[in-house]
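A.B. asks: Below are the chains, spelled out letter by letter.
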Amino acid sequence: MPQVSEDDSVVGGQVPVPERLEEYLSRRAPALGTRRVNAVERFPNGLSSLSCRVEAETDNGPVTWVLRAEPEHGVIPPYDIAAECRLVERVGAAGLPVPAVLHVESDPAELGSRFALMSFVEGEGYRSADPRFETDTAIVPALGLRFVEMLARIHGVRGHGLTAHADAASAARAFVAVCRRRLAETEVLPRPLIRHALDVLDRRAPEGDKTVLLHGDYRLPNLKWRDGEIVGILDWELARVGDPASDLAFTQLVGAGPCAIEGDLADYYVELTGNVVDDRRIAYYQMLEMVKSTVIGLAGARDIVQGGSDLRLLSVAGLAASAEPVISMLETMLDRVEEVSA
Amino acid sequence: MILVESREILAAVRRSLEVNVLPAVAEDFARVQVIAAIRALDEVADRLDHGDPLHGVNGRLERDLGDLAADLAETSPELGSRVAALLSQTAGISDPREKYRVIGEGVTELLTGDEPATALIRHVMEVESARTSADDAAWMCPEAIESLQ
Numbered sequence: 001m002p003q004v005s006e007d008d009s010v011v012g013g014q015v016p017v018p019e020r021l022e023e024y025l026s027r028r029a030p031a032l033g034t035r036r037v038n039a040v041e042r043f044p045n046g047l048s049s050l051s052c053r054v055e056a057e058t059d060n061g062p063v064t065w066v067l068r069a070e071p072e073h074g075v076i077p078p079y080d081i082a083a084e085c086r087l088v089e090r091v092g093a094a095g096l097p098v099p100a101v102l103h104v105e106s107d108p109a110e111l112g113s114r115f116a117l118m119s120f121v122e123g124e125g126y127r128s129a130d131p132r133f134e135t136d137t138a139i140v141p142a143l144g145l146r147f148v149e150m151l152a153r154i155h156g157v158r159g160h161g162l163t164a165h166a167d168a169a170s171a172a173r174a175f176v177a178v179c180r181r182r183l184a185e186t187e188v189l190p191r192p193l194i195r196h197a198l199d200v201l202d203r204r205a206p207e208g209d210k211t212v213l214l215h216g217d218y219r220l221p222n223l224k225w226r227d228g229e230i231v232g233i234l235d236w237e238l239a240r241v242g243d244p245a246s247d248l249a250f251t252q253l254v255g256a257g258p259c260a261i262e263g264d265l266a267d268y269y270v271e272l273t274g275n276v277v278d279d280r281r282i283a284y285y286q287m288l289e290m291v292k293s294t295v296i297g298l299a300g301a302r303d304i305v306q307g308g309s310d311l312r313l314l315s316v317a318g319l320a321a322s323a324e325p326v327i328s329m330l331e332t333m334l335d336r337v338e339e340v341s342a
Numbered sequence: 001m002i003l004v005e006s007r008e009i010l011a012a013v014r015r016s017l018e019v020n021v022l023p024a025v026a027e028d029f030a031r032v033q034v035i036a037a038i039r040a041l042d043e044v045a046d047r048l049d050h051g052d053p054l055h056g057v058n059g060r061l062e063r064d065l066g067d068l069a070a071d072l073a074e075t076s077p078e079l080g081s082r083v084a085a086l087l088s089q090t091a092g093i094s095d096p097r098e099k100y101r102v103i104g105e106g107v108t109e110l111l112t113g114d115e116p117a118t119a120l121i122r123h124v125m126e127v128e129s130a131r132t133s134a135d136d137a138a139w140m141c142p143e144a145i146e147s148l149q
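Note that the protein sequences, when read in sequence, are chains A and B.
So the first sequence is numbered by the numbering used here: it starts at 1 and just counts up by one.
So the second sequence is numbered by the numbering used here: it starts at 1 and just counts up by one.
Certain hints may be false.
To be verified - Under 8 Å between C-beta atoms, here's a sample of chain A residues computed to sit facing chain B:
(1) Leu-47
(2) Pro-192
(3) Leu-193
(4) Val-231
(5) Gly-318
(6) Ser-322
Said to hold, decoys possible - Pulled a few chain A residues facing chain B out of the computed Cβ check, cut under 10 Å:
(7) Gly-46
(8) Pro-78
(9) Asp-80
(10) Leu-319
For the record, the hints were derived by calculation from the structure and aren't laboratory data.
Owing to the predicted nature of the structure, the values given are computational and were not obtained by experimental measurement.
A virtual CB, placed ideally from N, CA and C, is assigned to each residue, including glycine.
Could you put together the complete structure from these sequences and hints?
C.D. replies: Now the structure itself:
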C-alpha cells in the first residue's frame, strides 16, 4: 500500500492524486481489487461535476474507470452524486446502456468531495458541431434515428425512483421552482428578465397528463457510439420527471445539433411513443429549457466569486447572460402560439 | 512591486502566460485554463483603462428609464411614478455594483405587475441586455466554450 502524507490531502473539486486514490480504494473499496492507480486525468469537457479518467491495475488486469465527483461549488447545486448513481443503476436495470456504478463515496472527508467510480464506456463521441458531419453527410440521418429511438426508450423507463408529479403542468411548475431557487442561490447581480421569465413559465405551464423520465441534457456529447449504435448515455445529473416535450425542445435549441428532434424526427418520436408534441408545448419548453440553461450558466459567476478555479466559467456566465434577449424572443413566440391556439 | 504600474504588471503576466507557459502546456484542460486566463487579463486591463463597465450600463438604464417615466406620466401615471421613485433611490449611489443591484431589484418589482405598460420596462432592459452582451462578447473565450462541447 502506498504511503500517503498529509500533504497529499485532496482539495474538494480537484483531481485526486493517483497515490491518494489508490490508498483510498484499497481501504474503502477492496472488492475492486485495485493494485495500483497509474493515472487520474481530468476530462477536458463537461462543466458541472468533475469527471476524471482513471487508469488502474487490478486483480483482474488493467482497467479504465471514470471518477465523477461533486464540485466544490458548481453550477447546478445542490449536488447529490449518490442519488444520480441510484438513477443510473435503475436506468441500467431497465435495459438502457449506461455506465456501471462501481463504487459510491458519500463521505466528503475521504477525498475532499463525494464521488462515484463508474465503468468507462468505450465508444466514439460526437460534438454537436462535429467536423465529421461535414465530410460524412450520410452519417447524420442514421445518428438522428438512433438518437430519437434512444430518447423514446428513456421516456419509457419506469421505476426510475425520481419524484413523481400529478401531471405535466405540476411537474413544470415544480421545475420552475427549482430554477428559481438555483437562481436565488447563485445570482451575483440581479437578473430581472430571468426572474420575469420564471414568472411567465410558472403561470403558463401547459396542461397534460403524461409525464416521463427526462434526461435533461440529451445531446450528442453525452452519448457514446459504437458501430452506429448508442452504447452509453452519460451525465444524468439534470434528469427529472416532466412533460416529454421538454427533452425534445432541448434538442431543438439549447442542445441543438444535427440531431435536433423536429420535422420528420419529431414525427418518428411520436410514432414510437404516442406522446403528444404540439407547438404550444414546444414553445413553452423551449423557453423553459433556455431559462434552465441560462440559470446554470449564470451560476458560473458565483462559482468564480466563491473561489472556483475553472476560468472557463467566466465565458460560460457571459454566454448565459447573452441569452436574455433570446429568452424574451421565446416569450414572444409563446405569445403567438397561444394566440393561434386560442 | 511599486516601480511598475498595474497595467504594466498585467501586461507582463499576459506575455509570460502566452510566451512561457502556454507552449509548455500539453494537457487540454490546462491549456484552456491558460487561454481563458489571458482573456481575463485583457478584460481586467480594459477595466483599468475604462473603469467598471457597469458605470455605462447604469447610466444608460437611468437615462432610458427616466425617459420612460416621463412618457408614462400621461399613459400610466402610477407605474410612471414608481419608475421615477426607483430612479430617485439610485441617484445617490456611487458604487456601480450597488447601483446596478438596486436598479435590478427595483425593476424586478416593477415587472411583477400585470399592467401592459410593464412591457415597456422590459423592452428597456432587453435593449440594454443585448448591448451589454455585444460588448461582453469581446471577452468571451471561444476555446473555453468549445471545450464544453
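A.B. asks: If a hint holds in the structure, say so; if it doesn't, say that too.
C.D. replies: Outcome of the hint check:
no., hint, result
1, Leu-47, "5 Å, holds"
2, Pro-192, "4 Å, holds"
3, Leu-193, "5 Å, holds"
4, Val-231, "20 Å, violated"
5, Gly-318, "5 Å, holds"
6, Ser-322, "3 Å, holds"
7, Gly-46, "7 Å, holds"
8, Pro-78, "22 Å, violated"
9, Asp-80, "22 Å, violated"
10, Leu-319, "6 Å, holds"
Of the hints listed earlier, those the structure fails to meet are numbers 4, 8, 9, in rising order.
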